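With the hints as constraints, model all of the structure from the sequences given.
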Amino acid sequence: MVTAVILASGIAKRFGENKLLMPLGEKKVIEHVIDHVKKSKVEDIFLIYGHHEKEFKDIAKIKEIKVIYNEKYNLGQSYGVKRAVKRLENKAEGILFLLGDQPFLTSHTINQLVRCFKKNPEKIIVPLYDGKRGNPVIFGKNFFGEIKKINGDKGPREIIEKYENQVVFVPINDIMENFDIDTKEDYLKALKELKRKKN
1 MVTAVILASG IAKRFGENKL LMPLGEKKVI EHVIDHVKKS KVEDIFLIYG HHEKEFKDIA
61 KIKEIKVIYN EKYNLGQSYG VKRAVKRLEN KAEGILFLLG DQPFLTSHTI NQLVRCFKKN
121 PEKIIVPLYD GKRGNPVIFG KNFFGEIKKI NGDKGPREII EKYENQVVFV PINDIMENFD
181 IDTKEDYLKA LKELKRKKN
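Numbering (full-length UniProt numbering), first residue to last: 1 to 199.
Keep in mind the hints are simulated off the structure, nothing from the lab.
Take the hints with a grain of salt, since some may be wrong.
Straight-line alpha carbon distances no greater than 25 Å define the calculated PhoX-like cross-link-like pairs of lysine-lysine that follow [stated by the list, open to error]:
hint	residue 1	residue 2
1	K38	K141
2	K184	K198
3	K141	K82
4	K54	K27
5	K141	K162
6	K118	K132
7	K39	K198
8	K86	K132
9	K82	K66
10	K184	K197
11	K38	K82
12	K57	K39
13	K91	K38
14	K38	K197
15	K41	K86
16	K38	K119
17	K118	K86
18	K141	K39
19	K192	K27
20	K27	K82
21	K198	K27
22	K38	K54
23	K57	K72
24	K27	K39
25	K39	K66
26	K72	K123
27	K184	K162
28	K141	K91
29	K195	K162
30	K119	K132
31	K162	K192
32	K38	K63
33	K141	K72
34	K82	K123
35	K162	K198
36	K41	K72
37	K66	K132
Just the calculated beta-carbon pair ranges, DEER-fashion [to be verified]:
hint	residue 1	residue 2	range
38	D174	E53	14 to 24 Å
39	E193	K38	17 to 27 Å
40	E93	F169	17 to 27 Å
Since this is a predicted model, take the numbers as computed values, not measurements.
Built from N, CA and C at the ideal position, the CB exists for glycine as well.
Written as structure tokens, this is what we have:
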């Protein structure tokens, strides 16, 4: 079984406030991501949060997904990833790690990645957007031990680089699916993209 983990415990230093709780159309940024995962064939969904505890717990309750608290959220993304692995390593065959600030990712793409993982359960499944590696990524359980060793803000990227020969790439057509919000300029771009999609 593939378990989805939505990473929402970062501090967003470049953005200046919690970008995941910013409105994007009629929903918050994080709600777009949650809804796409819920529409996919992934059955078990966890939201990993750090600060803004009440807001994230309220969203998770409304969306009927589970939560994991990352008490070391100020030390970088890798601690959230490790926290998730420690919680799920005995029940998940693979973990799909999603960024909470990637609002245009679709359930169709998530399903493509999950299908690929089912055929390659001992590999790392990575989407390819216009020839470039992107997110989200699925790690098979044989990589959980490696994930528990990572530190800092690099996250699982170093494992992908270390085990490049164990990576299966899945080409994705729409590069906007890989778009994530890091700055205020990115946020404005996301608002424009949402408006374009509605027209």
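Enumerate the violated hints, using their earlier numbering and listing them in ascending order.
-> 8, 20, 26, 27, 29, 31, 35, 36, 37 and 38
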